[in-house]
Structures are given as C-alpha cells and as structure tokens.
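Participant: The residues making up each chain are set out below.
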Amino acid sequence: MNPIQHDRLDLTRRQLFGRGALGLGTAAMAQLLGRDLQAEGADIRSGLHHTAKAKRVIYLFMSGGPSHHDLWDYKPKMKQMFGQPLPDHIRNGQRITGMTARQKTLPICPSKYRFTRHDNNDGGVWVSELLPHTATVAHELCVVHSTFTEAINHDPAITYIQTGSQVPGRPSLGAWLSYGLGSMNENLPGYVVMHARTSFPEQSLFNRLWGTGFLPSDHQGILLRSQGDPVLYLSNPKGVARRDRRSQLDTLAVLNREQYRRSVDPEVLARIKQHELAYRMQASVPELMDLSGESKETFELYGEAARQPGTFAACCLNARRLAERGVRNIQIFHRGWDAHGGLPREHESQCKDIDQACAALIKDLRRRGMLDETLVVWGGEFGRTAYCQGGLTRGNYGRDHHPRCFTVWMAGGGIKPGITYGRTDDYAYNIADSDGQPLDPQPTPATWTPGSMHIHDLNATILHLSGIDHRRLTYRYQGRDFRLTDVHGHVMADLIV
Amino acid sequence: MRCGWLAVVLIVGIPTCGVSADKSRTVDFAREVLPILSDKCFVCHGPAGEARDALRLDSFAEATRSHDGRYAINTARPARSEILVRIHSTDEPMPPSDARKQLTAAEKTLLDRWVRQGGAYAKHWSFVRPRKVELLGRRGGEHIIDRFVGKRLRQQQIDFAEAADLRTLARRVSLVLTGLPPDPKPLAAFLADGGQHAYRRFVDGLLEHSRFGEHQARYWLDAVRYGDTHGLHLDNRRAIFPYRDWVVKSLNRNLPLDEFITWQLAGDLMTDATLEQLVATGFVRMNPSTAEGGAIPAEFQAKNNFDRVETFGTVFLGLSLTCARCHTHKFDPIPQSEYYSLLAFFNSTAESSMDGNKYEYGPVARAPASLPAWRAWDELLVTRQRLLNEAVKRLRTLKSATADDHKAWATADSGTRLKRLADPRGPFATLALHKRAIVLSRHLATSRKSFTSTLVARDLSKPRVTRLLERGEYDRPTGDPLQPGILTVLGEFPADSPRNRLGLARWLTSPEHPLTARVLINRIWQRTFGDGLVRTPEDFGLQGEQPTHPALLDWLAVEFQESGWDLKRMLRLMVTSRTFRQSSSWREGIEDPANRLLARGPSHRLDAEVIRDMGLWASGLLVEQAGGEGAKPYQPSGLWSALMHPGSNTKLYVADKGRRQYHRSLYVYWKRTSPHPMMTLFDAPSRESSCVRRSRTNTSLQSLGLLNETQRVEMARVLAGRLLHEATDDGDRLDRLFGLLASRKPNLRERTACMGLLETLTQRYSESLDEARQLLSTGRSSHATTLNVVEHAAWTQVVITVLASDVSILLY
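Protein sequences, first through last, are from chains A and B.
Counting from 1, position 487 in the first sequence corresponds to residue 487 in my numbering; the numbering is continuous, with no gaps.
Counting from 1, position 320 in the second sequence corresponds to residue 320 in my numbering; the numbering is continuous, with no gaps.
Excised from the complex, chain A in its bound form (with noise of 0.2 angstroms):
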C-alpha cells in the first residue's frame, strides 16, 4: 500500500464515523470509499446508483424568468386577442403577484417577434427571432414547454429550483452532486460557479444557491470570478514567488507532520495533502483562465464577446474548458430576466448576451465528442404572463411572474436530442394536454401528470442522468434524511435516450 493510499484509508475511514457525527449517507459513503481505492482512471461513468448517462453538467440559469411567449412558446392565436382580457376560465381563480393583483385588467399579450419552425428529429420546434443562433442546434435540443414551480416571487422560486425547498436552509442541486459524486479532478475543484455580465442586474443571486444547507461545506460551488482572483485568494500575496510558496509549503508540512507525531490524528496528514492541491491548483486555474491556445474558430464560434472576461460567452467557453479538464458540475447564472416592463429591449439584449454563446457551446461540445456525455441545461425559476403588465402596445409591453408553465431546455448527456415535450393551452398560461385543454398537475409522492414536468421532475431528472436515484440520495439531518427532491421528484423517462 503506498503511502498515500494510506492516508486516504485512514481519512475515509474517520469520515465514515463521523468525527462529528456528519457521517455521510451509506449509499454516497460506500461508493466514494470505492473510487477512493481505486486506481485512477477507474470507470468515472460509474455513477452512483446507476451507470450514469452524464459525466457532468453544465446548467445555464437564467436569472428573473425569462419569458417563453416570447422564446419558445409560439401561441398565433393570441394575435388576434390582441389586448382583450384573459378569459376568467384559463385564470381559473389562480392566484397572480401582489405586483398585478390590483391591475383593472389583464390584457392578452402576444409576443411580438416572428417564430419560426426549424426542423428536429421529431415534429419541428418552433424559434423566435430573438434566438437565431439557439435555433441553428434545435436538432441537438428537448425542449420541454411544460415545466411548472408553485413559487410565484423571485427568491423562493430560485431558491425552490435550486434547493428543493423555497425557504433557505437546504443543500443546493450542486452541492447534492457533489455530495454523491465526489469529484474527477483534484487539481480544479468540483463544483464550480459562474456569474455572466448583464445590462440588466435585475434580481439578487444568493450564495445558497450553489450552498450546501446542512451537507458539509466543502460540498459547496466555487466561485470561478471574471474580476480579481479567478478562485478567491489563488494569487500569491504581492513578493511572493512560486519557489518561496514552495519552501513556506515544505516547512509547512514539517510542522504539521510534528502534530500528527504528537496526536496521531489522521486529520492532520490529509491537510498537509489539501495544501499541496492548493499549490497544484494555483497553476491549474490560470492555465484553465488561459484562452491563448483557443483558435480563432473557436472564437468565432462562441463569438468576440468571448474574449472579454466575464460575458456569458467567455463563462461558456470556460465551462467548455472546465467540462474538458474533468470539473463535473458547472452552473453560469445569468441575471436580467426579469422583465415587467420594457421586456422587448431587456429580451432583446438579454438574448443577445446569451444566444451565439449557447449554440456554440452545444456545438464545441458537439465537435469534440463530448456533449453526449455533458448534459446542459438552460432555463430559469420561472416563466412569465400571457398578460400585460403595465402599458400594453404593439411593440412594447412588460410581463409579470408566471409559475404555471414556462420553457426549459436540455441537451446532450442522454437526453433526447430533438424533440420537444409538453404543451400549453393556446394562452401559454396552463400545461395542456395533447387536445390543447388545460391540465391542473397536482404532484403528489405517488402520481405525476404525464406532460408536465414540476421543477422537482426536472432535478430528478438531472440526478437521475448523473448515475444518482434521487430517493435514495439522502442525508440525515435532524432525524429526517432529506433529499433534494423532498418526498416529490419523477425521473422523466420519455426525455431520456
């Protein structure tokens, strides 16, 4: 046994009994203890329930809820209903936001851009104008128009999309997947975070997002920044060279190795590995930040933009890069969705932020061989009104929060690639059936609504292409052993290749 394996043995063996008790779950503990022992290059397809259809994940978030009306969800017949009220049986008494609650009416909104019908591989998805580049890889996409959340206001729905629960307090998506699956890479952390420029920083983000609630907090996303230090504190302090760092490191573990002389805790050893990684990783980041060696079709591809750090372009490139070097989970939030008035100029340059950036990244990944094993996801917490909010004109026009219905995309990562799932009535309000008539989905732990996915389907979803059964990744937290997916969570198998 060489020594290093030693070290680990001793160091799992610690975590397995919990020296605080933060024991892991079984199922999350025994597969980790696996790939720990093993070789490297053991079969990192493994999964941890199930052989996993993803190596990773990239998840575009859009921040503030982008609007399907004007995206993907093409409705004709509300041209002509052109400022008419929303008929009250489509409403149905649901309840809408404190910000048009009071409006005297809810004048009918058609979108105003031009849809186009692309082909797929199945009955053609229809494209607004304002993705022209997104439209040019629908082959490659399942677009699903029938995603539902019960949150109606910023906060708890992105809090809700992205942790399970709409009050704080919960571990994020990535953190589960970090928790389950450990990560690939040890010179890059394995979970990593990105927020992309916009116009409009409209909304908050909140660090629960990509949090770790009651898991332990190495589980949580790291920032990877456009200013400053791309990982916080990687530079060394001003007058220090990679040589001195060296020498401070080799004195470092000198002192350490005397505490675990004195203590024998096998703690102590697995810090003196944690802080050669750091010196590893004070190399592997700015390679990884190096867009030197990318061509120039490259850029071409993603667009100029890619090369100003921090636009959403240069965060897909770089999640390109991270996806290539083994970082297994990685989010881009892009904020500026959230569009109650004056939508056409914020969507406008919201997708022109967003659109060439998209289509390349599906395509690099594409070209490389390697989207078949990447699941990207693209979506936000919720979608937004068949009706005006505020002035309604024909070329301008403002729309509330709708949690009903709203587009989410995927591709890649054992996902269909073209087709599209779901439907919604002819207002884009409610989920519909394959007769346009509105379905009411009430999930429960038992029943899920065929056509509709609940944002808890889409993260067991998610889960599920990672290899991981969302009921049985749990953690015990005050008695209860929670899970991502609460009690809820239907795994989407019409989605799935």
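Hints in this document: simulated from the structure, not taken from any laboratory.
Model, not experiment: these values are computed from the prediction.
Don't be surprised by glycine CBs; every beta carbon is placed ideally from N, CA and C.
Take the hints with a grain of salt, since some may be wrong.
[As the list claims (entries may be wrong)] Straight-line alpha carbon distances no greater than 27 angstroms define the calculated DSS-like cross-link-like pairs of lysine-lysine that follow:
no.: 1; chain 1: B; residue 1: K745; chain 2: B; residue 2: K449
no.: 2; chain 1: B; residue 1: K651; chain 2: B; residue 2: K632
no.: 3; chain 1: A; residue 1: K273; chain 2: B; residue 2: K745
no.: 4; chain 1: B; residue 1: K632; chain 2: A; residue 2: K238
no.: 5; chain 1: B; residue 1: K632; chain 2: B; residue 2: K657
no.: 6; chain 1: A; residue 1: K352; chain 2: B; residue 2: K449
no.: 7; chain 1: B; residue 1: K449; chain 2: B; residue 2: K435
no.: 8; chain 1: B; residue 1: K101; chain 2: B; residue 2: K123
no.: 9; chain 1: B; residue 1: K407; chain 2: B; residue 2: K419
no.: 10; chain 1: B; residue 1: K657; chain 2: A; residue 2: K238
no.: 11; chain 1: B; residue 1: K449; chain 2: B; residue 2: K657
no.: 12; chain 1: B; residue 1: K435; chain 2: B; residue 2: K407
[To be verified] Distance ranges between label pairs, derived from CB positions:
no.: 13; chain 1: B; residue 1: A106; chain 2: A; residue 2: S434; range: 26 to 34 angstroms
no.: 14; chain 1: A; residue 1: R246; chain 2: B; residue 2: Q102; range: 25 to 33 angstroms
no.: 15; chain 1: A; residue 1: T444; chain 2: B; residue 2: G647; range: 36 to 44 angstroms
no.: 16; chain 1: B; residue 1: D770; chain 2: A; residue 2: V264; range: 41 to 49 angstroms
[Said to hold, decoys possible] Partial chain A-side listing against chain B, Cβ under 8 angstroms, derived:
no.: 17; residue: N207
no.: 18; residue: G239
no.: 19; residue: R242
no.: 20; residue: D265
no.: 21; residue: G369
Given chain A, put chain B in place with the hints provided.
Facilitator: Only chain B this time, still in chain A's reference frame:
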C-alpha cells in the same frame, strides 16, 4: 475485498446503541427498541398513520389492538404476535422487501425478546424528565464527570489517557473558554504556580475575562441565526446589532440562562420591562424577511412563523418540527395541530409580515450603539440608583414634601423619580441631591441621543387568529381557531402562566421540562469537548442519536437547573474534569475515531473566527469589546455587487479603515446571502437558518485563504515586526512566536525547519529588495520603517507559515 474491509471496521467500531447479547436482561424499550421502530417502521406505522384501520406501532394500545383478530403484539400468546411473524416471514416480510431500510439480524433478535417479554412501551428517553442517578462505589474525591466517563471506560478495560502537559492544557482551556490562546503573563503565572489550585485559579481568570462572553456568544448567534441583513431578496441592512452586544454582555455577567432565554422570548411581556429585556426580544425578530415586489403578505406571515417555530424547536427542544408543518410528524409524537398551537405564540407580534426593505423594520427600541456605550449607560443607571436610594432616605425627613409627593414617589419608576428630583419646582429643589440629579439627567439625555435602533418584539393588542394550515399552505387555513399551546408529549403548560410568549418561556425553564436543560447542556458540552454527548444536537427525537453517556447527560442537565442555570459554573465543572484534561493524542489499540468513549481529550480544527482572531491577537492588532455596527475587514472586490439587485443597499462592500478593520470576528458584518468568505471558507454558517453544529471541513481553498488573504499577510507582517522589536536573536524570536500560538517552544525539528525557511527567504529577499518591500506593503496598518526590510520580509513569511500550520489552527 473492499467490502470485507468495510465490514471489519464496522464490527470493531463502538456500538452506538446497546444491542446486547445478554438474553436474560430485560430489554430497555426506550433506548433499544424505540429507535428501531422509529427508523424502520414508523414511516408507515407511526403517529402519522392516517387511515382509521392503519396499524400503528407507536403505542402499546395501538400495537395490541385487534385487526380482524390479529394483533401486532399478542400479549396472551406472544409467539403469535404479527410483528414476530412478519419480521421473519419470507412471503410477506416486514419491512417489505423493497423497503430501503431493512432490519438487521441483531435488531430482529431484539424485537423478538422485547415482544416475548411482554412488548412493554415507554416514553422516548428525552421526553422523560431527567434525574440524577447516583453512582455507587464513589472513589475518594473523584470528579463527578470522571465517575460517569470512567465507568464506561472500565467496561472496555481501558483507563483515561495520561494528563495533557500543562502548557497544552492551558492553551486548550483558554481557547475553549475565551476563543484565544492564553496571554503570556497569566500563562507564565499558571506555569510558575505549583499550587494545588493553580489550574482552578487559571480557569477562573478565563471565566472572568471579557473575552469569555465574546467567544461563547458566537455559538448562540449561530443557533438563533443572527445576521445584520434581512436575508431575502434585496437582503438590505437591518437594525439588530444591539441584540448581539446584549448577548455578549449577558454572558459575561453570567446572566442565568433561564432568564437569558426568557428575556429573549418574552422580555417585552415582562412587568416593567427594562431596556435590556426589550433588546433581548430581537431573538423573536431574527427570522429572515422579505419585501419582494409581488410577494403576498399572508404567505410571508405564514413563512415567518414557520421559521420562528421551527427555530424554536431546534434551539430549545432539540427537535425538528418541520414535518409537523404539513402533517403529523412521522417519527416524533407531534400532531400537526400542536405545531400550529405552538405557532400561535408567535403569530401575534406587531411587525408587518414584510420588511419594506427598511433598516428600522419596526417595532424597534433605542439602545446603546456599542459595548463601550452599554458600559457607560450601565454606569449611569448605577449612579441613578444610588442617587435615588439617597433620595428615599431624605424624603422621609423632608418637610417640603407633601403627602401627594410621597404618594407620587411611591408609584413612580426610576426615570420619573429622577425627573422629580431634578425638578426646580419639586420638593427636592433645595437639596444638593437636586443638583446632582440635574447633572445626571443631562448625562442620561446625552447618552440616549447616541442610542441606535434595534428590532424588538411587541404583541398586537388584539391577537391574530391562528388556524391549522392544510399541508402547510398559507391559503388553506382550516378548522377552529387555535389557542397558543405547547407540545403535550413534553408535559404541561404551567397552570399559573399566561398563554403568551412569557408563559412559553416559563414552560421551557420549569424544572419539569424534559428537554431544555438537556439540549442546552449538550451544546455547552459540545463546544467544550468538540462533540456533544448527544452527537445530533439538533435532534433529540426518536431519530436522533442516543447519548454516548446517558446518565452523565441527565446528571449535568439536573445540576444545570439546580445551579440556577449557571453557565460559568457548568463550564468550570467540565474543564476541571480529568476527562477534559487528558491528552488528546489518538491511542493505540483503541478503535474509536469519533472519541465516543472520551478516552482522549478534545482536538479539532478551530472555527473560522478563532483562526482569524488568534492571528490578530498575536500581532497586537485585535480590537476587543467593540460591539456596534458590524465591521468590514478587507474582502475581494465585487463579491457583493456580482449578486445583488441594483436597489439593494448591501450591493457595495466598502472595507473599513483604521481600528474597525481589526475588530474581533464576532463583530464582523454578517450579510446573510453572502457572509465574509474567510468565515464561510472555514465552515461558518450563512445564518439564514439555525445552526447548532458546524461542519469541520478540510479543503485546499482553506490553504489558499490561510496563506494569501490580505489580512492574514498583514497580521503576519505586524507580528513579525513585533518579534523583531521584542527580541534580538532569531531563536528567541521563534520561541516567542511558538509561545504565543502554541503556548510552548518549538521542538528541534520545528526549529530546524523554521530556521531553514528563514535562511532561504533571507537570502532570497536580500537579492530582491523590491519584492521584500512589496510583501511588506500589504495591508493598511502602518509599518515600522526602522526595521531591516529583508529581515522583516523573511520573518513575515515564517510567521504566515506557522500561523497557517496545525501548530496554530488546531485545538489539541
């Protein structure tokens, strides 16, 4: 092969609950059987079994009820009990073969024995009032804690570890009680004092040090989720820091913890509530809040209450009540209706359900704006009391005082009395006291002018109606209005108490209450020994872990109550035990990595705050006893603005200048959606929800923080400067450095390594003065230009290294 290894480890590990092979022994239902039923059966057959005919196994009456002539427990013919039939059945096994949680063979045997012995039920251990069990065979003079711990060690045929050496012990106890290593002088005095009571004197010094309250307060602030911002949406600033200062102050003066609790829950409802009692009710207001456009007030009225009642459950009862929000609790006997009765205590506070994004999210009180201001205010109150005492004496003999004056005086509060005393037309106008009263009134008025706002609890004059919310949904109230009420499994509401938060506090602190004292003393044990006697401090319910030392926990809980809820006394008891004083080295031949046997002393990585404070303290930069508005140390730029709404007033982080930069970490500004990264990097919680146990991770990013963060480089530079000033010889300097951080001198290997590093760096910086100057320019504090640049830079690097090493960042 791997599986085999795993199994071996599991078998030789210390059993967590006493599945014993002794067949004749009577099974202890509460400690042995109930945990199995709860974990493996109650999901379907527990208190939440809804169907009328559903089989329930959570009480004797239910388990022995006939189901078409069949009995889960058949008392007449135990062997025919369905439980036994089914757990052994291969055709219709229970739990069902597809259930995730299956019974082990040992558990089946235990259930067999229990049913055959009559299937008696008993209450879950923690729902029964604790009692002191006297241990037989007391060894002369043995510390009470050691008697309990020693008994269990002897069962395993092992003894306590040898005592930790005095220097290690001094550092350990100082870190545990005050969050900092010992100051050199008291340390030297302790080491020089060979007397029998030297250690006790040293401990007393720590308990009386003002650092004590600062350190102990942190644990409370984690539990109550203290933050300086509202926590949701814009996450704007919130007026609340006087509450934090009050916690520090109260712990330092050892306010009995029953009062500490009562003031926080209900200070506003106490007769003639003092300012402190009112400020304490900030606890009730600590829930995160929002004012997001479009949010529905009724929804947040419900959510705020959920948060309060569930935090109440975690902090005081060590129970998760969250399940009972939507349905009767699956494991613990808590009906949904009782959740809402408990919630009713909190449903009538006067603040609106949305915070309006306002700093003064009323109701607010005005209170001193820092700890020094509190001290000054308290002194004025003492002076006032003295003055009024004198006035009382004079009043008796004062001829100018009329009968009305006497009467008015008798019914007036202190403030009115002072006014009377200072009134030029009043009966005291001719006395010297009158002039002193005028001066004092002026001082009080000036002081009050500098007061700041803090959120407090007030009840509406007309209570809100509370109803059960179906499935926990705010828009589905159902059933009759509920009166405020407690969880019946935990005893009765005190007969003579009001049905409000004050009554709730009386219930919690009554001697009959089974949980409060246990839960609190367990957390006090946890912060002293690193882990609780119950390793799940947030869960004392059926699914929680059993105590490692049940009788000890109960003894301590009762002692705690009998001592008058005296925190310092209990801590003194703990740290003077042999259990605490033993060496923390892992012991050969004892396979107990989590130290459940307590066969070694505490050791673990220190908390974020302690790691930072220690470096500031050693360098002389630390500012203690500050209080006041949260301080903002250096933070990488853009962290807040990358997240925040343009309308948020916490989107820009402006680092403080001057002394505020070095305030003790307890006073660092806590923005709940993005706390300071040097805190979260080392496992500090966000304070969006209650945390009674932090994780202790070990990551590479921590290494980067320790070695590169601006303030750490600065503290190392200043500390290096201090060493260069205080000693002329490098060996002596290193001794001082280790003395501060480890309370001892370096050993030969450590000395050789550090001196080697110093030599390498001295050489290196003498070849590059510019880089040496660059290193020394880190941080805003002034720096001594008289020092040799090369020497200073090299020493700075040595100090950073030792500060980042396990010499410094561990408790051992």
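Participant: Which constraints among the numbered hints does this structure fail? Numbers only, ascending.
Facilitator: 1, 6, 13, 14, 19, 21
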